[in-house]
Amino acid sequence: MIELYQVPPSEFVRERNALAARLRKAGRTAEAADVARLRRPTPILWAINRVAHDQPGEVKQLMEATDALKLVQLGRRKDVDAVGTRQRNALQNFVTRAAAALQSVGLGVSPAMLRRASATLLGAAADSRARALLQQGRLSEELSAPGFEVFGGMTPRTRPVAPATRPRPATRWKQAVPTESSTEKRAAEREARLARQRLQTLEREARRRRRRAE
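In terms of the numbering used here, the sequence shown opens at residue 188 and continues consecutively.
Possibly wrong hints are sitting among the right ones.
[What the hints assert, rightly or not] Quick list of the computed label-pair ranges, beta carbon to beta carbon:
| id | residue 1 | residue 2 | range |
| --- | --- | --- | --- |
| 1 | A269 | Q290 | 17 to 23 Å |
| 2 | N276 | Q322 | 15 to 21 Å |
| 3 | R226 | P298 | 44 to 50 Å |
| 4 | A213 | D254 | 37 to 43 Å |
| 5 | R227 | P298 | 21 to 27 Å |
| 6 | D221 | Q322 | 33 to 39 Å |
Everything labelled a hint here was simulated from the structure, so no lab data went into it.
Heads up, the beta-carbon is just placed ideally off N, CA and C, and yes, glycines get one too.
Please model the entire structure based on the sequences and the hints provided.
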């Protein structure tokens with residue numbers, strides 16, 4: 188079933204139905220029913236799962252950087268700046284690879300999609316269940332970026348799923364990817380700044396908590 192999450196979104200329904208049919212034919216009706224209920228992943232989820240499956244080192248780096256930032260927030264590490272930079276780089280590298288995965292199958296990449304990818308990765312890194320799914324390359328829901336509750340072990344919020352009848356996202360997913368333009372470069376730079384700002388906020392809070400603890 189894990190392989191199903193690597194199938195491009197445009198082919199997902201066909202492959203899902205084919206797998207469900209094979210399972211039913213083999214007498215594995217319960218598994219077939221589970222497969223038939225699987226929803227087609229958004230392009231963002233597909234790209235994240237593809238990177239996680241093909242390049243597990245990217246997942247490992249993000250997880251380790253997030254764990255280090257958690258220790259800083261809890262006052263168990265003092266290298267706030269270095270740890271923050273480490274997580275920013277890990278996140279940016281993962282998002283860049285996810286964008287490349289989308290482009291490799293002719294799917295467009297927008298600033299909003301990059302924001303959602305960043306939020307989902309941060310949310311998955313902060314939650315044990317979502318983290319396990321990310322490591323397996325089978326995330327099934329987009330997540331919201333966590334706040335300071337990440338360091339209290341709370342679960343990140345699931346992003347609301349857009350109604351299936353909305354046409355705009357589907358149209359955008361089918362757009363061919365143009366060569367990189369100055370507009371796209373500026374959008375990517377904005378996304379990188381937003382990710383840095385979120386992590387810098389965490390770093391400032393970590394410093395405040397550390398000072399209070401001393």
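Outcome for the supplied range 37 to 43 Å, where the beta carbon pair is A213 and D254 = Distance hint for A213, D254 holds at roughly 41 Å.
ask   = Per the hint of 21 to 27 Å, is the separation of the Cβ atoms of R227 and P298 within bounds?
value = Roughly 23 Å apart at Cβ, these two residues keep to the hinted range, so it holds.
request  = Evaluate the given range 44 to 50 Å for the C-beta pair formed by R226 and P298.
outcome  = 25 Å, violated
ask   = Holds or violated: 15 to 21 Å for the Cβ distance of N276 and Q322?
value = 19 Å, holds
inquiry  = Given the hint of 17 to 23 Å, is the C-beta distance from A269 to Q290 inside that range or not?
reply    = With a Cβ separation near 32 Å, A269 and Q290 fall outside 17 to 23 Å, so the hint is violated.
inquiry  = The hint says 33 to 39 Å between D221 and Q322; measuring C-beta to C-beta, is that right?
reply    = 20 Å, violated
Checked against the numbered hints given earlier, the structure breaks hints 1, 3 and 6 and satisfies all the rest.
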